[in-house]
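*Asks:* The opening position of the sequence shown corresponds to residue 2 in my numbering, with each subsequent residue numbered one higher.
No wet-lab data here; the hints were simulated from the structure. Among the hints, erroneous ones may be present.
Distance ranges between label pairs, derived from CB positions [stated by the list, open to error]:
#, residue 1, residue 2, range
1, Leu24, Val45, 27 to 37 Å
2, Leu24, Leu44, 16 to 26 Å
3, Leu12, Leu34, 16 to 26 Å
4, Phe5, Val32, 15 to 25 Å
5, Phe8, Val36, 18 to 28 Å
C-beta: ideal position from N, C-alpha, C; glycine also.
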Amino acid sequence: MEKFKDFTYWLEEIIRPIFVALLDGILIHPVRLGVLLVILFLLVAYFGR
């Protein structure tokens, strides 16, 4: 249950702002899109262990 709470925290505090920034900047900063996708992949890999 603790890990689920941690995941919810990550979702609220990190992933949502990432998607907001992604939607705001996707056309202006395509490089940022790639960086954010890598970060998101690393987070998924971390929590998927």
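*Asks:* Please flag the earlier hints that this structure goes against, numbers listed from lowest up.
*Replies:* Violated hints: 1, 4; rest satisfied.
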